[in-house]
Amino acid sequence: MINVITGKINSGKTTKIINLYDELQMGDGFVSIKNMIGNKVHSYEIMQLSTRQKQLMVLREDFLTDSWCESCKIGPYSFSKDTLENIENTIRKFIKKNITPIFLDEIGPLELHNKCFHTIFRELLDNNCELYITIRKDSLEEIIKKYDLANKIKVLN
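So the sequence shown is numbered by the numbering used here: it starts at 4 and just counts up by one.
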């Protein structure tokens, strides 16, 4: 089953998926935590739910350093190649160890262009994993079509 939390930007999707994980007390996965400087997004950290350990996943382009290795970019935001690889490898371990359900925040515009979580999301779908994912409301129909999810999802909100 693919359980979907959907809503607009800043509508509480991440908080809801964290709360669901805490209520279920099973499975594992990753959520994106926004970091602000004043009223400007500085970065996003990706947090593993079971350990609460965070890794820097996204940096706004005006904060990039020479050592930053970019996987992909959307607007002013650059995604870390190393962190993305770590997440993919960890999720592959979840699949191998039959850890269920798996939580992932979020599937959206980058995945529609075969970037960011696209590859690992396909692997999760191919392995029929029970999932809890977040999808922005304005991307939901395109995601359903791209990944052939009609009649396979349950929208929770």
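Worth flagging that the hints you see were computed from the coordinates, not collected in a lab.
Small disclaimer: the values here were computed from a predicted structure and weren't measured.
There may be inaccurate statements among the hints.
[To be verified] In silico DSSO-like pairs for lysine-lysine, Cα to Cα no more than 30 Å straight-line:
hint, residue 1, residue 2
1, Lys118, Lys99
2, Lys149, Lys118
3, Lys57, Lys76
4, Lys155, Lys11
Status of each hint after checking the structure:
1. A threshold of 30 Å between alpha carbons decides the hint, and for Lys118 with Lys99 the separation of about 23 Å falls inside it, so the pair holds.
2. With a C-alpha separation of about 13 Å, the suggested pairing of Lys149 with Lys118 holds against the 30 Å cut-off.
3. Straight-line distance between C-alpha atoms of Lys57 and Lys76 comes to about 20 Å, which keeps the hinted pair within the 30 Å bound.
4. Under the criterion of a C-alpha separation no larger than 30 Å, the hint pairing Lys155 with Lys11 is consistent with the structure, at around 22 Å.
Of the numbered hints given earlier, the model fails none.
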